[in-house]
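Colleague: Starting from the two chains in their separate frames, assemble the complex, guided by the hints.
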Amino acid sequence: MTDPNTPAAAPETLFGLEEMELNFGPQHPATHGVLRLKVRVDGERIVDAYPIIGYLHRGTEKLFELHPFFQNVPHTDRMDYVAAATNNLAYVGAVERLTGIVVPPRARYIRTLLSELQRISSHLLWLATHAIDIGAMTPFFYTFREREIILDLFEEYCGARLTLNCMRPGGQPYDLTAGWTERCAEFIEDFPSKIEDYEGLLTENRIWKKRTIGIGVLPPEVAMSYGVTGPMLRGSGIQWDLRKAIPYEAYDEVDFDVPVFYNCDTYDRYLVRMEEMRQSTRIIAQCLDKLPEGPIMAKRPRVLKAPKESEVYFGIEGPKGEIGFYIVGDGTPNPYRCRVRPPSFLNLQVLPEMVRGQLVADLVAVIGTTDIVLGEIDR
Amino acid sequence: MSDTENQTPEEKAAAEEKAAAAAKAKAEREAAEAAKPAWEKDPVVPEWQEADGDSLVDALRASFGDAIGSARTFAGDLVLVVDRASIREVCRSVKEDHGYHLMVDICGAHYPEREVPGFEVIYIAYNFEENRRVRLKVEVEEGAEVPSVIPVWTGANWAEREIYDMFGVRFTDHPDMTRILLWDGFNGYPLRKEFPVEGIDTGSAIYPEYYEEQAGPVAGSGTGWQPPKEEEPEESDKPDGE
Numbered sequence: 046m047t048d049p050n051t052p053a054a055a056p057e058t059l060f061g062l063e064e065m066e067l068n069f070g071p072q073h074p075a076t077h078g079v080l081r082l083k084v085r086v087d088g089e090r091i092v093d094a095y096p097i098i099g100y101l102h103r104g105t106e107k108l109f110e111l112h113p114f115f116q117n118v119p120h121t122d123r124m125d126y127v128a129a130a131t132n133n134l135a136y137v138g139a140v141e142r143l144t145g146i147v148v149p150p151r152a153r154y155i156r157t158l159l160s161e162l163q164r165i166s167s168h169l170l171w172l173a174t175h176a177i178d179i180g181a182m183t184p185f186f187y188t189f190r191e192r193e194i195i196l197d198l199f200e201e202y203c204g205a206r207l208t209l210n211c212m213r214p215g216g217q218p219y220d221l222t223a224g225w226t227e228r229c230a231e232f233i234e235d236f237p238s239k240i241e242d243y244e245g246l247l248t249e250n251r252i253w254k255k256r257t258i259g260i261g262v263l264p265p266e267v268a269m270s271y272g273v274t275g276p277m278l279r280g281s282g283i284q285w286d287l288r289k290a291i292p293y294e295a296y297d298e299v300d301f302d303v304p305v306f307y308n309c310d311t312y313d314r315y316l317v318r319m320e321e322m323r324q325s326t327r328i329i330a331q332c333l334d335k336l337p338e339g340p341i342m343a344k345r346p347r348v349l350k351a352p353k354e355s356e357v358y359f360g361i362e363g364p365k366g367e368i369g370f371y372i373v374g375d376g377t378p379n380p381y382r383c384r385v386r387p388p389s390f391l392n393l394q395v396l397p398e399m400v401r402g403q404l405v406a407d408l409v410a411v412i413g414t415t416d417i418v419l420g421e422i423d424r
Numbered sequence: 053m054s055d056t057e058n059q060t061p062e063e064k065a066a067a068e069e070k071a072a073a074a075a076k077a078k079a080e081r082e083a084a085e086a087a088k089p090a091w092e093k094d095p096v097v098p099e100w101q102e103a104d105g106d107s108l109v110d111a112l113r114a115s116f117g118d119a120i121g122s123a124r125t126f127a128g129d130l131v132l133v134v135d136r137a138s139i140r141e142v143c144r145s146v147k148e149d150h151g152y153h154l155m156v157d158i159c160g161a162h163y164p165e166r167e168v169p170g171f172e173v174i175y176i177a178y179n180f181e182e183n184r185r186v187r188l189k190v191e192v193e194e195g196a197e198v199p200s201v202i203p204v205w206t207g208a209n210w211a212e213r214e215i216y217d218m219f220g221v222r223f224t225d226h227p228d229m230t231r232i233l234l235w236d237g238f239n240g241y242p243l244r245k246e247f248p249v250e251g252i253d254t255g256s257a258i259y260p261e262y263y264e265e266q267a268g269p270v271a272g273s274g275t276g277w278q279p280p281k282e283e284e285p286e287e288s289d290k291p292d293g294e
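First to last, the sequence lines map onto chains R and H. Under this note's numbering, the letters of the first sequence match residues 46 to 424, in that order. Under this note's numbering, the letters of the second sequence match residues 53 to 294, in that order.
Extracted from the complex, chain H is given alone in its bound form (with noise of 0.2 Å):
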């Protein structure tokens, strides 16, 4: 402060002009930088929205209460979060209410590091007329079913079947739960967090007639054939330093 007080006019005004240029000189950059292609710019993360005066989220809460738990966009895509017990009515509600015809997709996910681990079941659907996609999501413990949602959507038949298949999640009432890629009597669910990349045994616990415990062939190791041990070479041969 002192200095400010000593200055002379002059000084002052000089010291006000260089403050003003810098000034200026900054909002021209911070205009240059916002005036920039998106792409020049950091990404945008886009983060999760209160979706709570949705017409569909609301059409849905009056109906089905406290079936419908948290609603919810990211990136514009609207996620419910359905009771797993009445996400069958909700699935056709969401049909035939309010025409979301396409069955686009249903998968899984597995959550084993979650306060209730388990899965979550996910449907999405999409609406020609309103050109939109929803989520519904499940959330299933482990050894729960699932209400299937094939008198809905005919379609959620190999899809659920999937989900079996590589989660372990069942569906209740489907016709036909059994495994669709890998084969029948395969003994894990390889989309589970703690299914080993490298595979498992896939020999003794399927043919036991045929392999000892843990001696079958294992899955990333190819058949468990060794080629017969050569001679070990002399130390003499052997370079140095080995």
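Isolated chain R, as found in the complex (with noise of 0.2 Å):
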């Protein structure tokens, strides 16, 4: 759409100054890893701007066609770094749905309570460093405190905190520790109050409102015609949730709600976000209640083969939006191509038509609302 070698339709200048070209990244600390943008500006205003990406790009399509089933699930721990556990629910589920795997309850329920809990961390990390972005340095000691608290709770649960490698076509690999869902409750007992202390940081913050209201806007005809989806779809309006929409693992036996905001604009993508924190905590809970006893290990072959010429898409709402994989098999132990649908490439994609007209500091704020992990983008 945005060429960046011709220039656009001509806005007015301001006293005959010619427009600049300035390289926003790889290695500025508000791009959230290597993304790359070229800014046109005139002045303080953004007349267009053009994302360049790749700097990550490690080939993890090509090395999904090296490996079997089973060996993979550490490669989607990689992609989108801060949110592994969602990665590996969207990739085991996948392969579930290919090769026609029924997972026991329990399984189940375990999953549903670390992808909740991969949520609320991811949206602590992206709060954080949203904030830090935009200026407000304390929340960044509240949500990391807190998120020290999951990544503990991950450790405890599979040995790792970021990479977590936490999940198994067929089930789970390990089942909870003693006392890990006393510890969980714990926790969640008390974090309620904690998103609290965040909003009483922020929610009515004179600057924060005026940094983020009518800031970035996107309306929702064009989120859904860029394939935008997660929070950035709910806080433009749209009540659409995959949880609800197409339910998977335990989420059609909890009760929740979805949050949506009719602003479009950074402020009530915050809102969506701190909502959905709150919702997450109550899945948590009534998992933990409800937590059945049994397996968790389903029965399955040793070596998992995908039916010949079978394919299957399975996308879930993780943290940042619809996470899916596309996986053909050819009857062979390694999927013949797995394509992943990464949230943050798509949502990335709509930051253009988000900043244009903005000031230069709002586009740290936009991309902050975008919540992009370049792991994810680049693959």
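If you're looking for bench data, these hints aren't it; they were derived computationally from the structure. Ideal Cβ placement from N, Cα and C applies to all residues, glycine included. Mixed in with the good hints there might be a few duds.
As the list claims (entries may be wrong) - Label-pair distances were calculated between CB atoms; the ranges are:
#1 83(H) to 339(R): 12 to 22 Å
#2 265(R) to 122(H): 31 to 41 Å
#3 238(R) to 87(H): 39 to 49 Å
#4 378(R) to 135(H): 43 to 53 Å
#5 378(R) to 79(H): 35 to 45 Å
#6 116(R) to 92(H): 22 to 32 Å
#7 149(H) to 378(R): 36 to 46 Å
#8 227(H) to 208(R): 31 to 41 Å
To be verified - Partial selection, computed: residues in chain R whose CB lies under 10 Å from chain H:
#9 110
#10 142
#11 204
#12 339
#13 340
#14 369
#15 384
#16 422
Claimed, not checked - Simulated coverage check for chain H against chain R, where a stretch passes if three residues somewhere in it have a Cβ under 8 Å from a Cβ of chain R:
#17 88-98
#18 111-124
Modeller: As structure tokens, then:
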């Protein structure tokens, strides 16, 4: 859409000054990784922006074709590395649908627990960095305090804090350790009051509101035609959540609401994510209550082969939007083709639409609100 | 048979009873097997099924005729094969007439071993009202171009660029048909099946003024820099058996 080499229709320039082209990133701390933006500015106003990606490309989709289904789970950890559990779940879910494996209930509940904890931890990281980008330092210390507890829970469950590798096609590799549920319940009981703290710092903060209300407006029709999903879509007034629309794991057995806000701006997307953390807390509490006993691994072949000429698409609601896997099987133990549908890739694409006509300082706020992870965009 | 003829009535009755007991035990075993929860049974592998009665398929066949090829479902997903030339119009109809507003994904796949070797471009769209996904597939031969669907879904831009980057499939009327993840001038399409996993010579082909042919850095082997060789130890220093 936006070709950086041919100037767009020339807008009014101030005092006859020429437009300037700036490189924003890839080493800029506010770009959350290695995103590079070519920004054309007229004074402080952004005329156009052109994202350049690929600095973190590792060929993950090629690697998937090399390894058997069971060995591919760790590759998924390294895509969206702040939300490894939901990546795992999308991959193993796709493999299970491809091969017809049914997962036992206890494993489904453990998966739900882990993905909701992961959603909270991802949103906490988002809140910390988003607030720091805009200039609020304090929320960073508060959110990382709680994120640490969640990472400890992950560490206790599977030994890893970030690249969890905590799910397998067919079920869960480990059962919950003794006392895990109590520690998780303790955290969940405490956490809503922590959300109050964050909101006390930001929601009615005048500076925060000045910096976010009316910034980065994304109308719903634009969001849909760009394939934007997740909190970005719900902040644009579309109440759609894959956990409700096409329930997977234990989401049809728990009660929760899908928050939606209608002003389509950065502030509303902030409110959506804050509300989502509350809903995640509710889901976790119910899962802990209902956690069934029983096996955690389904009967599955030792070497898992996909049927010949089979293909499946399975998408789940990750913290950033719909993360999906399109897997083609050819009768061998390896996937013939494994395509990842990364939410950040499609969410980032809409960024030029959101920053046109805004100030350069707001560009940072808009990058923060899209909640991108470059490991997933570049794969 | 002779056994049964020679049997006394008592023996006959006993054998029948035995057979009945065995049948009953077998039925019980089967019932127990059937009553087992799904996760303790062998996985039921999904199969392709024809989807001719589907309302979306019928409507599309009515408006596009032969442009719609096979329509099948696998594991509950509807998959339509569409003629390459009319994919944009089919996508437009799917979006505007049938309500598939959300573009979920567009991706490619390479099939060099088919009768007509080539690629597939897969379009996944989602309908909010019917809560349903549909997959449209286009078969593309080497060198052929696919009409871009950016006029239908603006978000197709990057997805199509990625397919070009990874497979070398080009899209007509695309405003910015450049590489997206790899750098400009990369001489290969990594997700093609013949592309080596260990990488290719990324030096001489791109920077002929700096590197001789086949002498540039090769992906997967670092920069090509070698540490200075140390003098080899004498024979007598080596342990036995080497």
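Colleague: Taking the hints in turn, state whether each one holds.
Modeller: Against the structure, the hints come out as follows:
{"no.": "1", "hint": "83(H) to 339(R): 12 to 22 Å", "in the structure": "holds, 21 Å"}
{"no.": "2", "hint": "265(R) to 122(H): 31 to 41 Å", "in the structure": "holds, 34 Å"}
{"no.": "3", "hint": "238(R) to 87(H): 39 to 49 Å", "in the structure": "holds, 47 Å"}
{"no.": "4", "hint": "378(R) to 135(H): 43 to 53 Å", "in the structure": "violated, 34 Å"}
{"no.": "5", "hint": "378(R) to 79(H): 35 to 45 Å", "in the structure": "holds, 37 Å"}
{"no.": "6", "hint": "116(R) to 92(H): 22 to 32 Å", "in the structure": "holds, 25 Å"}
{"no.": "7", "hint": "149(H) to 378(R): 36 to 46 Å", "in the structure": "holds, 42 Å"}
{"no.": "8", "hint": "227(H) to 208(R): 31 to 41 Å", "in the structure": "holds, 38 Å"}
{"no.": "9", "hint": "110", "in the structure": "holds, 8 Å"}
{"no.": "10", "hint": "142", "in the structure": "holds, 5 Å"}
{"no.": "11", "hint": "204", "in the structure": "violated, 25 Å"}
{"no.": "12", "hint": "339", "in the structure": "holds, 9 Å"}
{"no.": "13", "hint": "340", "in the structure": "holds, 7 Å"}
{"no.": "14", "hint": "369", "in the structure": "holds, 7 Å"}
{"no.": "15", "hint": "384", "in the structure": "holds, 4 Å"}
{"no.": "16", "hint": "422", "in the structure": "holds, 9 Å"}
{"no.": "17", "hint": "88-98", "in the structure": "holds (count 10)"}
{"no.": "18", "hint": "111-124", "in the structure": "violated (count 0)"}
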